Structure formats: C-alpha cells, structure tokens
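Protein chains in written order, with my numbering: chain A, 1 to 412; chain B, 1001 to 1269; chain C, 2001 to 2358; chain D, 3001 to 3260; chain E, 4001 to 4309.
Derived from the structure by calculation, the hints contain no laboratory data.
Since we're looking at a predicted model, the values are computed, not measured.
A portion of the hints provided could be inaccurate.
Said to hold, decoys possible - Computed far set for chain A versus chain E, every beta-carbon distance over 12 Å:
1. Thr94
2. Val182
3. Gly280
4. Asp376
Said to hold, decoys possible - Dumping the calculated SDA-like pairs for lysine to any residue here, alpha-carbon to alpha-carbon at most 20 Å:
5. Lys147(A) with Ala72(A)
6. Lys171(A) with Asp354(A)
7. Lys2129(C) with Lys3023(D)
8. Lys3023(D) with Gln1143(B)
Positions of the beta carbon are idealized from the N, C-alpha and C atoms, including for glycine.
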Amino acid sequence: QAKEQFFPVLPYRTGAYAPNGVPWANGYADYLKLINARDGGINGVKITFEECDTAYATDRGVECYERLKGKAQGGIFQPLSTGITFALTEKAPTDKNPLITGGYGRSESSDGQVFKWNFPLQGTYWSGADIIMQHITKKEGGNIKGKKIALVYHDSPYGKEPIPLLQERAKMQGFDLQLLPVTAPGVEQKATWLQVRQARPDYVLLWGWGVMNSAALKEAVATGYPREKMYGVWWSAAEPDVKDVGEAAKGYTGLVATGEGGKVIADIKTHVHGKKQGTGPAEEVGTTLYNRGLVSAALAVEAVRQAQSRYGKGKVMTGEQIRWGLENLTLDQKALDKLGLGTVMQPLSTSCLDHEGSRSARLHTWDGKKWNYVSDWIEADTSIIKPLVKQYADKYAAEKKLTRRTPADCQS
Amino acid sequence: MSDKNIVLNVNGIEVIYNHVILVLKGVSLQVPEQGIVALLGGNGAGKTTTLRAISNLLKGERGEVTKGSIEFRGERIENLSPADLVNRGVVQVMEGRHCFAHLTIEENLMTGSYTRTDKGEIAANLEKVYNYFPRLKTRRTSQAAYTSGGEQQMCAIGRALMSNPNMVLLDEPSMGLAPQIVEEVFNIVKDLNEKEKVTFLIAEQNTNMALKYADYGYIMESGRVVMDGAAEYLRTNEDVKEFYLGVGGGERKSFKDVKSYKRRKRWLA
Amino acid sequence: MFYRENGQFKTSYNADQQIFPIAQDRWGVLLLVALAFIAVPFVADEYMYRAILIPFLILSLAALGVNILVGYCGQISLGSGAFMAVGAYAAYNFFVRVEGLPLIVSLLMGGVFATLVGIFFGIPSLRVKGLYLAVATLAAQFFCDWAFLRIKWFTNDSASGTASVSDLSVFGLPVQTPLQKYLFCLSFLVVFGLLAKNLVRSAIGREWMAIRDMDVAASVIGIRPMYAKLSAFAVSSFIVGVAGALWAFVHLGSWEPAAFSVDRSFQLLFMVILGGMGSIMGSFFGAAFIVILPIAINLVLPLLGSMVGIEVSTAALTHAEQIIFGALIVWFLIVEPHGLAKLWSVAKQKLRLWPFPH
Amino acid sequence: MSKVIGDVILDVQNISLRFGGVKALTDISFNVKEHEIRSIIGPNGAGKSSMLNCINGVYTPQEGSITFRGQTFDHMNSRQVAEMGIARTFQNLALFKGMSVIDNIMTGRNLKIKSNILMQALRVGPAAREEEAHREKVEHIIDFLEIQAFRKTPVGQLPYGLQKRVDLGRALAMEPQVLLLDEPMAGMNLEEKQDMCRFILDVNDEFGTTIVLIEHDMGVVMDISDRVVVLDYGKKIGDGEPEEVRNNEDVIRAYLGTSH
Amino acid sequence: MGFFLETLIGGLMAGMLYSLVALGFVLIYKASGVFNFAQGAMVLFAALAMARFAEWVPLYAGITSPLAANLIAFVLAAGVMFLVAWVVEYLVLRHLVNQEGTTLLMATLGITYFLDGLGQTIFGSDIYKIDVGMPKDPLMAFQSVFEGGLLISQEDLVAAVIAAALVAALSVFFQKTSTGRALRAVADDHQAAQSIGIPLNRIWVIVWCVAGVVALVAGMIWGSKLGVQFSLSTVALRALPVVILGGLTSVPGAIIGGLIIGVGEKLSEVFLGPYVGGGIEIWFAYVLALGFLLIRPQGLFGEKIIDRV
Ligand SMILES: Nc1ncnc2c1ncn2[C@@H]1O[C@H](COP(=O)(O)OP(=O)(O)OP(=O)(O)O)[C@@H](O)[C@H]1O
Ligand SMILES: Nc1ncnc2c1ncn2[C@@H]1O[C@H](COP(=O)(O)OP(=O)(O)OP(=O)(O)O)[C@@H](O)[C@H]1O
Ligand SMILES: [Mg+2]
Ligand SMILES: [Mg+2]
C-alpha cells in the first residue's frame, strides 16, 4: 500500500466570504499539489487531501471537521475562521488533531503551555495590531499621544480580538481609541463612517473580512475620509478587497504577512499550473491571499517533515506526531530558501512556550492597480504582547481547570 | 330532457381528496341548454364537491377527478383552468361566500368583471346588480369583511353575475339570506334564465325553493346520485316529500312537533 | 393488510386518549426509542454522533419548542435563535459562576431564563400578529445577538466574547465521549418530547390551537389570549433555551453569539414548517430533513460524480447541494403542503386501506 | 307540555352600536327570560349578529347596558361572559379549522379544567382523570349530534353543514345557561333542520337552557320560539309572541313580505 | 447641527436604498399573499446576471461602448429574471394554489436555496463589478451655512431618485389599473379569485416579472455600491423592518418605512451607539419597527388586519 499523508482542508468557496476564501484555498491546494509534483511528496510520502466547504459557518465547519478527521489517523486542520477555530479548540485535544490558525484565531493561544494543540503561526491579531501601531507611531515621529485612532471592526470574535492589545497600547501611548463595530457581513456602514467623519480620527484601523472591506473603502470615499490614513489587518488588505473599488482606494495601506512570490511561485507555475493541474485561474497565483494559503500549506507540510525527522522519515505521521513537529518547527532563512519559500515568508521557530513562531509582517499600499510594499518586515513588540498572552491564557486555563504543561510535558 | 341541447355533461366522475378520501363515487348528470337544474342532498352528500369538479376548483382543495369526464358544450374541460372556464361563460358562486375581505363591496363586484373589457357593459352590469340587491348599493364602500353574512352572500352572487356568464353554478345561494331575498335570488335566476338564456346548476338545501324554480333535479347521497327526475316528478315523490319538503303524509308538520330524531331512510347503504 | 386498527376496540376513553391510539404505532415508537438507546450505539461511529446524531437531537429538541409556539399556538417567531442563546449563556453563567452546580440544573436554569426572556418578547404578540409578529420577534433576535456580543459580563469577560465549557458530567457520570453525549441528548429529547406531547393533547394544548386557528372565537369560549399566548411563549422558550444550552455545552463546547444567529432562527422555523406545523413528530422529521439532507447530498454527490466519471469541485458541490436541497423542499411541499408529518400520516392511511385503492 | 318561563335573565337596555358612519344598532332594548326560546329576526344587515356580538363582548356598544342575572355591565368582556355561562355559535363558522372535531368540542370545556400546566405536562392521576371525564361528556354531545364518524377529522375538511353542528357542539360543551345561536340551520335541508329543532328544544327542556336564536327560516322561528324580536336597519320594529309578530304591519313590510 | 443634518440625510438615502429592496417584498405579497423569502436571492441573482453580462457583452459581442454594454446587460438580465418568474410560476406556485401563507413562505425558501446555488454555478462566486457610471465622489453643499459644509453622497442621491421614480410608477400601476384590483383580490383569496376568472398563473408571472425587475434595479444599485457578491442577498434582512413598518401591502409604505428606518437607525447608531458600545443600528431598526407596530399592528400604511366573527 502506498504511503499517503492525508491533509484535511476546510476552505470556503461558497457563501458571503467566498471571494476572499477562494484564493486562499487555491493557494493551499496548489502548494500541496506542488509537493507531490515537484518533490514526490514529503520524503516520499505522497500527500492526499480533501476539501470540505464550510461556507464560513461554524456548524458546517464542525461537521466538516468531524467528517474529515475520520478519514485518517490525524491531520492538521486550518479552518480560516475564528468562529470555527473556537469550536475546534475544544475538540482538538481529545481528537489529537493540531490546529494551525495562521494569522487568526485566539491570540492567547500562542501560549503553548496552555494551548497544546493550537498554533497561531506567524502572528496573532495582537501581533498584527501591534505592528500597525508601531508603523503609525514611527510615521508620527514616535509620539502619538493625544491622537485619535478608530478601530472599524467586524462585530464578531474576529473583529474584537485586537481590542485588548489596542487598549493596552492606548494606555501606554496615550492615544484615544474609538471602537466602531460593523454588523456582519458589513454591507451597510453609513452610520459608522458618519461617526468617522464626525470624530475625524487621525487613523482608522480596519478589521474587516469579505464585503465589509470594500464597503468600508467605498464609504470612506463617500464621506471623504482619506484612504491614506486607513490601515487594514492582513485580512483586509488583499486584492478582492480593493479590486472593485479601484482607483478610489488609492493610498489605502494594510498588513501583509507574506512576501512576493519568488521561487515557489515559479515552481507552481511550472509544476502545477504548467501541467494544467492548477486549482484556480492562473492569474491568481501570487496574489496576497493566494500566497497566504500557500504559506499555510507550507507550514503544515513542514510540520509533517519535522515530525518525520523524529518519528521516522518516509512514514505517515499521526496527529500527535505532527503536533510535535509543529511545536519544534525551525525554519531559518536557509531552510526556507531551500524550499523555495525564502522570499514569501519570514523565518520562524516554534517552541512549547511560543506557538506563534514568528510575529512580523509588512505593510503594503494600494496604488489603484496593485499592492506595493511600503515597509520592511516589522516585528511585533513582545514586551507588550507576552504579559497579555499570559494573562489571558491563565484565565482560560482557570476556566477550563487546566494546569500549565510542565517542562517535562513540553519535551514529549 | 333529450329534446334540448346538453351543455354540461358530467359522466361518472370520481373525486378523491388528499389522495385517500374518496368522496364522489361515480356521479353523472346533465344540464340542458337554458335549463335550471337543482342538485339536492344532505350535508356531506358531495354537492359542493361536484360543483368544484366542474369549475376546476378542486385543485386548491387538494382534490382530483380520478375517473369519468366532464364536457361543456362538447368540449372536455377537466384540464382547463377556472379562468378558461369563466372565459367560456361558466362561473361559480362558491359556498361560504368567499368575498375578498379587504376589498370594498364595489371593488368586489368590479373584480367580477375582470374578463370583461367593455367599460359600458361593466357599468351596466354593475347597475343591474345594484338593482337586484339595493342593500349592496348602500354598503358599496364598506370592506366586505365588515358586512353582514347576508350582504356577503349577495355580494358573492352579484360578483359572479358581473362576468355576464351563460352558465352559473350556484352553491347554496339562499344560505343566510332573509326570506324575501331568497325569493328575490330565485326570481333573478328565473329572470336571467328567461331573458338572457343563462343556464343554472344549483346546489341547494332549500328544496322547496329549488324545486319550485328548477326544471330538473338530482338528489345526491354519500357521493352518488340516488334519484333524479323532472322537478314536478320530484315534488310529488313521497320520499322527497317526506324528507326534503316536510309535507310527507299530508299537512306540513310544525317543527315543534317533530317528536323524535329522524333516522333518514337511505336510498343506498 | 398488516397496518390495521381492526379488532382493536377501545373500551374506555382513556384508551382512546393514548398518545398513539393504534397499537402498531405504539409498538413502532417504543421500538424506535429502544433502537435509539440500544442499537444505535452499536452501529454509529464518531462522525455519525458528532456531526449528525447529536446536532439532529438537539435541533429536534429546539424545533419541538418552536413548534409549540409556531405550530400549535400560531405565533410565528423568528427569535428562536435568541432564546437558544439566552439558554446557552444563562446556563453558562450558572455553570461557571455557581461553584458545584450540577450540569442538569445549569441547563434547566438556562431554560428558565429563556422562559423569562421569551415571555418578555412575547408580549407584543398580544397586539401584533402573523408575519408582522415574525418580524417583530427578529427584534429579540438582533438584540440578543448584540447583547451577548457587547456585554462582556455574559461571557465571563472573555476578550473575544466567546464562552466555553468542558468536563461535563451528570451524577458523577462523565458526558464527554460522543456516545455519552448522544445518550444525554437523547434522554433530554425523549423526556421533553413526552412532556410536550402531553401538553399539546391537554387543555392547554387545545387553548394554543384555538388561539392559532381563530382567536376571536377562542376568547368567546373563555380562552384568555394573553394566558394562552404567553404560556406558549414560555413553554416554547423553555424548551428552546434548554436546547440552546445543550447545543452550546454538548455540541459546540465553545461558542460565540454567531452560533445562535438569525440563520438559526430561520432554520428552526423551516424545520417546523417543513416537518409539519402542529405535530410533535413533524419537528423530528423537519430537523432530520434540514440537518441531515444537505450533509447526505454532500456525501452522495461526489460518489455519484465519480460513478459517471466527473470530479465535482468543492464549490460546485456546495452549489449543487443548495440547488438539490431547494428543489427537494419545493417538491415535498407540492406533494404535501402540510409537511412531512402529514405525508407520513397519509402514507399510513393508505397503508390502512391497502391493498384496496380507497 | 307547558314549560315554566322564569324571570328575566338577560336584559338589554338601550344599546346603540356604530361603526364609523354605519349605525348597526340604535337604541335597542329587549329582555330574555329564563328558559325561553327567544328569536331575533330581521332582514340582512339588520344588526342581529351585531346584537349577539354585543351580548358576548366581541363588540362594545357606544351606549346602553346589559344586565345578566341582576348584574349590569356597560360592556361585557368575552371571558367574563363565558364564565357567567353564556355560549354562542357563529354565523360565519368560527371553528378551529386545524383541530379535530373532538378537540374542537373539548375546547368548550376548557373553562372547567382545573389541573395546571405542570400537571397536564406530566399527565399524572388527577389531570388524566379530569381529561377523561370531560372526554366522556364530549362524546355524549358527539353522539347527540351524530357526528361520531368524523370525530378525528380536522373540521376544516368537513362539509359546511357538519361544521355548523360542530360549532353547536362546542357551545353545548360549555353547559351554558344561555345559548346564543346565530343561524344554526343555514345550509341544512329540511330533515336536518327538524333534527336541529328537536335538538334545541331538548336542550331547552332538559337543561333549562335559555336560548337566543337568530334564524331566517320563518317556519322554524314561528314554530319553536316563545317570543320574537324583530330588527330592521338597527332599530327594533317588533317584539312579542310569534303570532303577534307575524301580524305586525311593520314586520310584514320590512321582512316577511307577503308570502308568509 | 451640520452633522445632525448630514446624519439625517445619510439616513434618508440609506432608507431609499432599503425601500428598493422592500418594494420587491411588497409587490409579491400584495399580489399573491406570499411572503417572498427569496427576494434577497433574487436581488443577488439579478445583480450577478447583470454584472456578468456587462463583462461578457464586450468580450464576446465586441461592443465597446460601456453605455451600450450596460444597456444590453440590463436587458439580458431582465430577460433572465423573466425566465425565473416563469419557471417559479410553472414549477412551484401553480401547484400551491390556495395553500397557507406559511407553506408558500417555505416554498420561497426552497427557491432561495435554488437561486443561490444556481446563480453562483452559472455566474461564479467571486466579487464582480457593476459600473453604470454612478458618481462616487461626495458632494459638498451649504459650505457657507455650516462649518465644513454638508456632505452628500452623489451615488446615494442618484439611487434615491431612481428608487423614488420606481415607486411612483408602481404605485400608479397598482392603484389605477384593474390589474391592481385583481392582484389584491388574489392576495385575499386564491380560490375565489379563480372562480371569477382571474387567471392566477398569468397574474403571478406578471408580478414576479415586475418583482424581478425591481430586484434587478436594486441589485444594480446595491451592486455598484458594494460590488456584486453573495453578501448582497443579506440586504434583504435590512429591508424587512422597512416592509413591516410601512405595511406589507403598501407600495408607498415601503418608501416611507424606508425613510423612517433609515433615519432612525443612522441617528441611533451615531448618537446613541457610542454610549452602549455601538453596533446597535440593526436591532434598533427592528425595535423601531416593533414600536410602530404596537401602535398600528398592520404597519403604517398596511391594510387593516381583519378579524371578525
Ligand atoms: N378539502 C377536503 N378534504 C377532505 N375531504 C373533504 C374536503 N372537502 C370535502 N370533503 C369531504 O367530502 C364530502 C362531501 O363534501 P361536500 O362539501 O361536497 O358536501 P356537500 O354536499 O356540499 O355538503 P353541505 O351541504 O354540508 O355543504 C364530505 O364527507 C367531506 O368530509
Ligand atoms: N365590524 C363591523 N364594522 C363595520 N360594519 C359592521 C361591522 N359589523 C357589522 N357591521 C355592519 O352592521 C350592519 C349589521 O350587521 P349584522 O352582521 O349584525 O347583520 P345581521 O342582522 O346579522 O344580517 P345577516 O342576516 O345578513 O347576517 C351591517 O350593515 C354590517 O355591514
Ligand atoms: Mg356544500
Ligand atoms: Mg348575521
């Protein structure tokens, strides 16, 4: 029997958030295909994968999880939805399936001592918010005391995640934080932007997803709020968000956690799309969300590779083994270059204490036609985030009557 | 009966409600051109069902004709829509009034002329109906829901007349009407029948009245026609006299003196 | 020829008043319950439990509650999701704030609070009717969505507004494995189903139906619309609230208000309409239809596709699922507008006549 | 057989009822005595049904008052009326269409049910016994009305005539002291009417139930009523024994016509 | 003061946009007594059709003028909506004559799923653009009167004008023609309407066609505002309180209701929201509608609910 490592995939290609979910899912699928096509699998273990469409709905997501988890002895789940992440966080430990929530999910889950099965790799929302604030602070010459900053957010756990960090920073830096929730899915934002117009904040942070992003930009145009002063999180600053706003969104800036394509993209073009095996349209390859999906898949693949390095090269890994792999992932620049991922992502290294691995991102600005990087990689300030993580993780542990993992447990 | 043209020919129809309830078990009847035919029978005999089958209103009640045929002027009509039938001049006055509750009396009447296009004709019809039922004229601006039972009944009859029909299916027209109005309704029937050559099929409980004005009658009992004949014949039949006309065995009996509940003699069963 | 009530003579009205007056039905249902408790655990796998059976049981329970309000009392409500949420969050607060409170008590307290909220939002029903009421109950829905998202106290001050529970147990028995959870929910459903059935065939049930069918006439024979409507709101939201608590505690474990969004309200209403308004059985049929059918289509389509050699893409699959599901809803309604329960009883009636056509 | 007519049980004084411009009732007074059969007749739209609606609290008259057993109300509340023992049937069938015949009639007994909602849910001893006792009474009524065959049919599916009987059954189930009947015999043939009359007379005799009857069939009215009120355009134009009314000029002109 | 006016105007405009969707509900309800749950799906379906046709027409037919392309796309999309109307009548409605409101509501839910699935299968589920040349830049007015001037969105202004025109036209159609009366009759009693010769089938096709065109116009305007993708169907939920407030059976009610709801929700969000954490506009709209219902249970202009024995 051929050795196959099964990758369950929980994308959403339908529903309200499909325009953003599809490129991510295509990137994810293409990378898995690439590993098979280019490398013949992970150390010879072929990858198989199956998608189950969640439509970004929690109950569908749970159903999909249950369905796919039974198909193999364990796999990495990446639901790309904060809601589904919350539900799966409860199930993962008993089922022994690690969760990667790269760039979303619970921010405190970067504390691996409490959240043994969660891996918010490459930055949580707290990291994201921190990076934007650093950028703004720098732009303002280091002092933003007395400035007004408004957070326009998706009124859901996703949108609310950055608030504790921003409040912390507001206390520290002395700026004014205005919270403006937008009811999901965010088609009607007139009132929000009227408030923006009234308060005239110095900056607006946008924490939207799907149609909310483009609607926000259009309302900003309609109320005359300068797009140059708007900063989006990585889920609010991709092609689908600005595509149909076009010229009008010029100047809008947002986080991006991936770099430009480089070798891996070229590989996908030759090995996957070149062989007519591409999942989506070819012109989508290399776009922001596509790359994000691709990197997410790469992280999953590398976790398996890492697990194999301990539990046996060329073997099919179980969920527990993969979890170990995730917890002991070290991808330095050299390793990344070797994989062709050198330009598309930052090096990262995880540990029992830190499930986030790396916490840096860049900013890019829309020029009316395409996104251009406008900053170098910025690393989130752990001195602010760490205590916050600890505080919230402890609270979670207390609620769940969990004890922190001992160093011994960390070794296992 | 054979001397006149048969306009409506119902031939052995079976009707089933809800796929399981068999209600009509082979009903046949004929209505001659310019005739007035009465359909008599007790509660639940199937009169309404027969009329619904003819006017194709069964579908909305989840009923269907499973056997037999219905012909109107030689044409099979089972598959026509009720609207097609109205266009051919067949209109039904439904049992239980069914006025459009939110529309005023006048609007109710006007909807009746939906198939008419000539404005003058419509106005004349309206005038005619108001003439027949002056009570309606005084209530013309009230919403139908807020009129009395009898007023609604008049409205339902008047509404049907607004389409200038050549055949009318009347389901219990006298129900809830005051005696002179009942008389009036039957006079209208007679009038239309004679002057405008309208054919009538009338399901009626008021046997007395019905047989007085009709030429021919059918008596139904649990989904079957159990007796039929010319009106005079039925009027003189002993059974009919006793059970439907209340004059069995000589004088009319006072309602007060009916001493025991009757066990009706069933023709069948 | 086998499904007959011939020869079963009722010697007392009591006998005729049984839940299932026909012996075959009685045995059938008992057998079904027995199967659910004893046989299912032998055949179901974890996926069946977690993705199908448990959601089905809990949503059946919720649909049962909604059916009391909508199907029996005729008060169309789109606030059921909110009442589920109230049940879930109230139970959660009792569970985490009151040390050592037994699970069942917490769940029932969830129901109690849902009852209170239900009665409060039921008050407009005294004046507003039909679809207007339906939309008015949406006010409850959106308000609760908002309140649970915004008021941190409800979620025990969690940053993102999510709540979670774990380590459930009843009477010292753990409720953790899928099988345990399944049996736990099943017991709830059976008990509540029985109680609800009793209610709807008692005086109060008749009051509800009378109000539903014609409220003016009902008040003329001495039924107080206020009492009937509010009691329906109360009973319904109690059951819905408990179902909400179960959904949160047993099925999800960790949840956010979106788990009880307006979509849930619509879903429950549709279960009731499709299953059969005013039928306890119908609630189960409806829940089965709306929970299981899409999943089934989703599972079967790829198989069908592979049989004819087409690979169905994920998106196409979901879209096809929607198309088929929508078409099936319409088709069933055309076959029997009064819902699946009615279809079932017509089928039984036919069986009774079988082999004679009528 | 001579029956004993008692004192005035229901007294209607100077009732006026208007709907916007429509004067449904103008200054109507009449009384009903215990144990009598009192008919109200009049042309269509005269205000007969409105009168009943005033008596049992569906409409609130602008003026006037109603006295029942010595208690005077200027408007009645439906529930009170039901509790006092006044029941009625409806001209336009106000049955609970989705419920079976049994359930419809059982609702008539709801006022008499003692067990509370919890007991009903559990259906423990007393609640079950109570239910059974009421059921027995209802079955008697069903037998009486000869609708046994339709017990479990949803009333919406019954033919019109049978629905009228169920409506009556529901009112009877309340064991009322005064029974208001609004055209109970519309849509019935002669034989059925005879049964119905017999039935009304029986109820009247056996239980001493006072009956207020609206009917368009003059034969019935004249035969069975003790006294008759005649309304026309909301005004009272006649009141008295059947014989008296039959010969009243106004009544003949407005209502009876010449044929009677 | 200036800001208050701005909010007020913003609310009015938003309200007009809701009215446009609400109108679709009213039309179908008025004409058949069916509460059309599928209205949102129809808006999406129509907008998808329009957006894709506008893309395909230049691509395959070689028509380069954007005006012509948009026009052709509009006509084609209207054709598609006519087809939908016909299919709905032929396959669904005619089999459900004389059924209860809830049954019909349920059937329209089936139609919703069907249209959602079909629309995305045929037209795709990405974000598409409708560009009918709506002005995007804000308009500054009364700069001399208020500090900072009054800001009015031109796009909304155009949309509001279109909505108003549509409503006026439909009001005339329904109030002044005999078809209008027939429609109300159908809504009251399917069977009685049939019995006097009103052809239900034809009437329903007509009404669904009109509702389809209204959905198309709504889809076009909302689509050009938001981009065409799945979320467009959720605007239906925002339009519900409008329908209820105005009355399910009133065309002008849809407009007035829209204005009240629009103003109410914007004012509440802007002036009340900050005190309670914001995000209140959606429930506020419903509570507002509920408040009006308590005073008038049939909505402001709805036909009185008749209960009589
Ligand atoms: N919609 C329906 N569904 C099921 N059964 C029905 C339906 N309508 C009528 N029936 C049944 O059909 C039989 C005949 O009813 P129908 O209404 O035709 O009688 P009818 O002669 O008009 O009586 P009435 O004089 O009381 O109006 C009855 O037994 C009735 O129960
Ligand atoms: N709720 C109401 N609103 C407006 N007008 C009403 C209302 N109820 C009754 N009416 C009017 O009052 C008058 C009397 O009606 P009522 O129903 O009492 O007549 P009735 O004597 O019972 O006649 P019928 O013998 O036709 O049933 C009628 O003209 C009717 O239109
Ligand atoms: Mg009949
Ligand atoms: Mg009357």
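Each hint tested on the structure:
no.	hint	verdict
1	Thr94	34 Å, holds
2	Val182	7 Å, violated
3	Gly280	10 Å, violated
4	Asp376	31 Å, holds
5	Lys147(A) with Ala72(A)	53 Å, violated
6	Lys171(A) with Asp354(A)	26 Å, violated
7	Lys2129(C) with Lys3023(D)	29 Å, violated
8	Lys3023(D) with Gln1143(B)	15 Å, holds
Violated hints, listed in ascending order, are 2, 3, 5, 6 and 7; each of the other numbered hints is respected by the structure.
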